[in-house]
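J.: As you go down the protein sequences, you meet chains A and B in turn. 0 is the number of the first residue of the first sequence in numbering that gives the first Met the number 0; add one for each residue after it. 0 is the number of the first residue of the second sequence in numbering that gives the first Met the number 0; add one for each residue after it.
Hints are supplied without guarantee of correctness; some may be wrong.
Derived PhoX-like pairs: lysine-lysine, alpha-carbon spacing no greater than 25 Å straight-line [to be verified]: (1) LYS11(B) <-> LYS390(A); (2) LYS136(B) <-> LYS1(A); (3) LYS316(A) <-> LYS136(B).
Not the full set, but computed from the structure, chain B residues with beta-carbon under 7 Å of chain A [said to hold, decoys possible]: (4) PHE17; (5) ASP73; (6) ARG80; (7) ASN81; (8) HIS83; (9) ASN96; (10) LEU105; (11) LEU108; (12) PHE109; (13) CYS127; (14) ALA204; (15) ASP220; (16) LEU221.
Derived Cβ-Cβ restraints for the label pairs, each shown as a range [said to hold, decoys possible]: (17) GLY65(B) <-> SER392(A): 47 to 55 Å; (18) LYS64(B) <-> ALA290(A): 23 to 31 Å; (19) LYS72(B) <-> PHE282(A): 38 to 46 Å; (20) ALA290(A) <-> GLY14(B): 31 to 39 Å; (21) GLY14(B) <-> ALA389(A): 39 to 47 Å; (22) LYS75(B) <-> LEU348(A): 25 to 33 Å; (23) SER39(B) <-> SER392(A): 57 to 65 Å; (24) TRP276(A) <-> ARG135(B): 50 to 58 Å; (25) GLY65(B) <-> LEU285(A): 24 to 32 Å; (26) LEU285(A) <-> SER173(B): 55 to 63 Å.
Calculated directly from the structure, the hints in this document are not laboratory data. All values reported here derive from a predicted model rather than from experimental measurement. The C-beta atom is built at its ideal place from N, Cα and C for all residues, glycine as well.
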Amino acid sequence: MKTLHLFRSFFRGIRISSVLLSLMMTATILIGVLTYARIRYVTTDYTTVKETTLENAYYIQSFPDPKDLVNGNFQLGGVTIEELQAIEQDPSVQKIYTIRTANPLSYKDYGISIVLYEPELLYAFPELKEMGIDFSKNPNGCVLGSQLFQGIRTGDAIELEFYQPKYSTASFTVAGHIQAPYKHLTFSSSSTNSTADYLVSAQNIIIMQATDEVISRLSSLAEINYQQNYIIAFQEGASQEQIDTVLKKVMDKGIAVSLDDITENTQAHVSKRLKQWLPRPLFLLLSATVAYLSTVLLMVRKKEKELAVWYLCGCSKPRCSGIVFVSASILAVVPILINTAFVFLAPTLDWLGILDLSGFSVTKDALLPILGYYLITVVVCLIVTRASMAKHSPLTYLRGV
Amino acid sequence: MIQLHQVSKIYKVGGQDFYALRDVNLTIEKGEFVSVCGTSGSGKSTLLNIIGCLDFLSSGQYLLKGENISQMKDEKQSAIRNRHIGFVLQDFALIHNQTVLYNVMLPLLFSKMSFRKVKAHAMDALACLGIRDQARKKINQLSGGQKQRVAIARAIVTQPDILLADEPTGQLDSHTGMETIRILSELNKKGITLVVVTHDPTIAAMAERTITISDGRIVTDLRNE
Ligand SMILES: Nc1ncnc2c1ncn2[C@@H]1O[C@H](COP(=O)(O)OP(=O)(O)OP(=O)(O)O)[C@@H](O)[C@H]1O
Ligand SMILES: [Mg+2]
Chain A
0 MKTLHLFRSF
10 FRGIRISSVL
20 LSLMMTATIL
30 IGVLTYARIR
40 YVTTDYTTVK
50 ETTLENAYYI
60 QSFPDPKDLV
70 NGNFQLGGVT
80 IEELQAIEQD
90 PSVQKIYTIR
100 TANPLSYKDY
110 GISIVLYEPE
120 LLYAFPELKE
130 MGIDFSKNPN
140 GCVLGSQLFQ
150 GIRTGDAIEL
160 EFYQPKYSTA
170 SFTVAGHIQA
180 PYKHLTFSSS
190 STNSTADYLV
200 SAQNIIIMQA
210 TDEVISRLSS
220 LAEINYQQNY
230 IIAFQEGASQ
240 EQIDTVLKKV
250 MDKGIAVSLD
260 DITENTQAHV
270 SKRLKQWLPR
280 PLFLLLSATV
290 AYLSTVLLMV
300 RKKEKELAVW
310 YLCGCSKPRC
320 SGIVFVSASI
330 LAVVPILINT
340 AFVFLAPTLD
350 WLGILDLSGF
360 SVTKDALLPI
370 LGYYLITVVV
380 CLIVTRASMA
390 KHSPLTYLRG
400 V
Chain B
0 MIQLHQVSKI
10 YKVGGQDFYA
20 LRDVNLTIEK
30 GEFVSVCGTS
40 GSGKSTLLNI
50 IGCLDFLSSG
60 QYLLKGENIS
70 QMKDEKQSAI
80 RNRHIGFVLQ
90 DFALIHNQTV
100 LYNVMLPLLF
110 SKMSFRKVKA
120 HAMDALACLG
130 IRDQARKKIN
140 QLSGGQKQRV
150 AIARAIVTQP
160 DILLADEPTG
170 QLDSHTGMET
180 IRILSELNKK
190 GITLVVVTHD
200 PTIAAMAERT
210 ITISDGRIVT
220 DLRNE
C-alpha cells in the first residue's frame, strides 16, 4: 500500500508524457505483431512444404479445359482414379497422395467444406501436426478450423448438416483445432510458377482422415470429389528415366514440379517478402525503443530532485532506483497487455468482420517476440536508470538547487 | 550518542585529493544543542551529512548510538537515517507539486509503520507545528516560514533522536528565522539532540555548545553558559 502510494506520486507531473509514451509503444508493438503475423503467414506455407519427409516427389498440377469444367470432369486433371491406381503400381512409384473434399454441408447454417487427408499424408507433411491437424487419438474424428467452432472442446461431438442426396445430420467427434487463419494443405490451386502457397490454403475448414469408416459414412451424406492436383512420390532409388515415363502418363493435362523446386521457389519468394516487409517496422521499433529510453531518462532526470528528497527521508539508493525501474516497466506493461489481448482476440475480430486479417497469421507465437522485446527494453531501461542515478547522486541535488 | 573518530572526507578534484573534512574527532551527547559555525566551504554541511548518514566517510570511524555506521551499506544507513535522524535544510528540500500532508508522510512511507497509521502520525506532526489546517495545500502555495514548518514537521514525524538543521534560517527573514530556531530549541528541550549549522552568531549563542570549523578541521569547541 505504501509502495503503491509511492508509485502514484512518482507519476505525478509526468502523467501525460507517460500516457503518450504508452500509446506510442502500443502502436509500435502492434506494428511489430502485424509484421510478424504477415511473415508468419508466408513462412507457414514454406515450412509446410519444406519439412516434407518425401524425398523424391512431384506436385502434379492440372490446368483443366473449360470444357472439362463444364462437364464436371476435372477431378485429378482428367485422369481417373483407376488410372492413377494403376500408375501407383509402377515399381518406381512409392505412393500417390491425393486429397478429397466432401460437400455440401453446413454447421449452424454456415456452409463449410470437409477436406479428407489420407493418413499417410500426415506423415509426409509433419508440419500439419504442428498446425493442430492430429488424428493420433481419434482417427475417425474431425479437426476444426473456423471461428464458428469457438468454444467446442476436443472430445466433444459436433453435429453437421448434409444435403446430398437428402437432408440429414450426422455427428463427429472433435479431434482438435487448427489455429487461425486455419492453414491446411489443399492441393486446390495450380500455377506455372509454383510456390508453396499453391499447396496450402487458409480458410474455414473441417479436416478428417480418409479412413474406410469416414469415407463410408460420408459417401452416403455428401458428394466426395478428388482435388485436381496431387503428389506422386517416387522410390528413393528411382531413375530419372523411370520418373519421366511415369510423369509422361499424367502430364498431358498439366505440369509436374518437384517439391524441391517448389521449396526453392518459395524460399526466393519469402526472402523477397522479408526484404520488403522487414526494414520499415524494424526501423520503427528501433526508433520507438530509443524514444522510450530517452523519455524514461528524461523522466528520471525530472524526478531526480524528488528522489533526492526520498533519499533524505530514508529511502536507500537501490530502493529509489527500484521504484523508478518498476515505474518505467509499468509503462511498458500496458502496451504489452494490449497487444497480448489483441493476439488473443484477433481471430474473433476477424470473424466478426471488425478487422480484415486475411494474409496475416496472428497466432499466439507472436507473444514470444513481444515478451522478448519487452525483456530487452526492461533490461536496457534498468541499465540506463542505474547509470543516470549513479552519475547524479542525491547529495548533489540536496546541496541547494 | 554521536561519536566521530578521526573522520575524514576526501573528494577527488582533478585527480587530486581534497579534504572536505580532516581527522575530525567529535562527541555529541544525547539531548545536546550544538551549533556549528565556520566560513563558507569550511565543511559544515559535509560534517552534517556524515552525521546524518547521508554521505559516506572516506576514513575514520563513526559510531551512532554505539553502532558502527562507517561500515554499513546504503540500505542499512538509510534505515537508520529514516528511523533516528530528521533533517531541516536551508532550501527546505520539499516536493513542490505535492501536498503538505504528502511531504510529511514521506519518511513514514519508507518506515516500517503500517499505512493505516501513516496519515494520523503526519497530521499529529503538523498539529505540533501549528499548521494542521494547511495539510491539503500544495507546497508551492506556502510562504517560506510555512515551508520551513512543514520541513520541521517532516523531520520529526518519525520521532527521531537527532535533528540536524543546515542553515535553517538562511532563506527566512530574521523574525521567521528566530521563530524557526525557537521551535527547534523547544524540540531540543523535549529531549531531541539538535545540531544546527549557522552563520548567525545570535543563533550560535543560543546553543549550549558551539563548534567552529575551518578548512575541514574543528578549530574551537566551546560551551556557552
Ligand atoms: N561533491 C563534491 N566534490 C568536490 N568537492 C566538494 C563536493 N562537495 C563539497 N565539496 C567541497 O567540500 C568543501 C566543504 O563543503 P561544504 O558544503 O561542507 O561547505 P559548507 O561549510 O557547508 O559551506 P556553506 O557555508 O557555503 O554551505 C567545499 O570546499 C566544497 O567545495
Ligand atoms: Mg553548507
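J.: Taking the numbered hints from earlier one at a time, note which ones the structure violates and give those numbers from smallest to largest.
T.: Hints 3, 4, 8, 13, 14, 15, 16, 17, 18, 21, 22, 23 and 25 not satisfied by this model.
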